[in-house]
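Below are the chains, spelled out letter by letter.
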Amino acid sequence: MAAATSNPPAAMAVLHALGRVPSDACGALVRKHPDGSVAGAMLVERGRVCWAMSQHYRRRLTDILVDEQDTLTHAQLTELFAMCRRERMPLGETLVARGLVSLPVLHRALLRHTCEALDHLVREEASPWSWVAHSGYGYHPMLTFSPAEVLTGVRAIANPALAARARARLRELVRGDDRGFAIERGAKIPLAQIHCETVELATLGDLAVHADEVMAVAATVDVRVALAQLGVLACASWVEHDVLFVLLCEGELAFNRLLAQVATMTIIP
Amino acid sequence: MIALTAIVERVQDCVVAAWVDIRTGNVLAQHPPRNDAFIAPALDAAIEVMRSRERPPRMVLLADRHVHIVQRTARDPNRVLVVICDRSPNLGLAVSIVRMQLEAVDA
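The listed protein sequences derive, respectively, from chains A and B.
Here the first sequence stands for residues 1 to 269, numbered as in the numbering used here.
Here the second sequence stands for residues 270 to 376, numbered as in the numbering used here.
By construction, these hints were calculated from the structure, which means they are not laboratory data.
Mixed in with the good hints there might be a few duds.
[To be verified] Stretches of chain A that chain B covers, calculated by requiring three or more beta carbons in the stretch to come under 8 Å of a beta carbon on chain B:
#1 209 to 216
#2 224 to 230
#3 249 to 262
Every residue gets a Cβ at the ideal spot worked out from N, C-alpha and C, and that includes glycine.
Take the sequences, apply the hints, and build the full model.
Below, the structure is given as structure tokens:
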């Protein structure tokens with residue numbers, strides 16, 4: 001399901017839609033076709049995205065699950081899906097409880113499905129988002145997503161190869177509970193992130209803006225990496241292939257730890 | 270202001286130390302008075318980086334051959350100490366010494 005180059009605005013459209021939802025609200029952001037039929041919706045529960053659907057996004061969660069975990073078969077999933085529907089059991093939790101998929105795989109598959117559906121939904125020729133309140137969907141919190149996760153996922157669809165490289169680079173460098181994200185220079189939404197799920201997107205954006213400004217000046221004197229101390233947080237930033245990488249390290253001696261790490265790091269020019 | 274000579278003596282591999290005023294962009298003092306081609310642009314870059322009040326008080330910039338340690342004083346945020354050292358395994362120690370020197374001034 002490759003997306004067109006209009007994806008960065010797509011991620012921004014999702015960002016603006018989510019920005020309108022009160023942080024404690026539960027309900028659906030819905031878009032409709034001119035004939036009144038539903039084009040798609042994004043379910044939101046207390047600031048977290050639970051699910052998204054789009055009329056023009058045909059891929060099923062079961063397809064993604066089989067894609068993510070090759071020990072699963074469509075037959076197994078179809079049978080389980082029918083049983084869950086019949087007995088009103090939650091599909092995700094049942095899959096995990098029966099050991100058919102691990103929680104991280106299910107989380108990844110659900111996130112991928114939600115992001116791809118949103119990527120389609122924002123392109124639909126449909127009405128602006130309207131809010132339909134709900135008393136709550138009761139999704140397991142582990143199977144819902146922060147705005148940062150969803151928007152990064154939608155953003156990555158535009159350039160999957162670049163996003164995959166950025167994610168792989170972050171995996172190499174982010175240690176323990178440290179955090180990291182990668183963002184194209186001048187962009188507002190990251191391409192990839194590790195452990196930044198709970199960080200406000202605006203905070204990541206501010207960090208990126210400052211880091212980018214510093215790197216723009218620092219590059220004039222061949223500086224490759226900038227480190228900053230922000231209270232208990234230490235932040236390192238550098239640029240590789242026009243992608244800005246930011247590592248965040250918190251706690252005692254955070255600055256020294258990060259300094260020791262980046263001092264020996266090879267920057268890919 | 271702490272004596273730049275003391276910093277240059279204590280920080281191993283120190284190339285130059287300088288006080289700069291980020292409001293005026295002036296170099297207030299520098300030791301030793303070297304004029305290697307990279308020093309003036311490095312001080313200008315430090316001034317430019319720290320000019321924004323939103324920048325954190327302490328930054329370390331790693332270049333291929335040098336390390337630029339840039340730190341504001343708590344007493345006067347417009348006054349910034351810039352210490353440029355050669356890249357060496359003593360990097361962490363250099364940063365700690367500069368910080369301790371400034372903390373002594375601000376205490």
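To see whether the hints hold, each was checked on the structure:
no.: 1; hint: 209 to 216; verdict: holds (count 3)
no.: 2; hint: 224 to 230; verdict: holds (count 7)
no.: 3; hint: 249 to 262; verdict: holds (count 5)
Violated hints: none; the structure is consistent with every hint.
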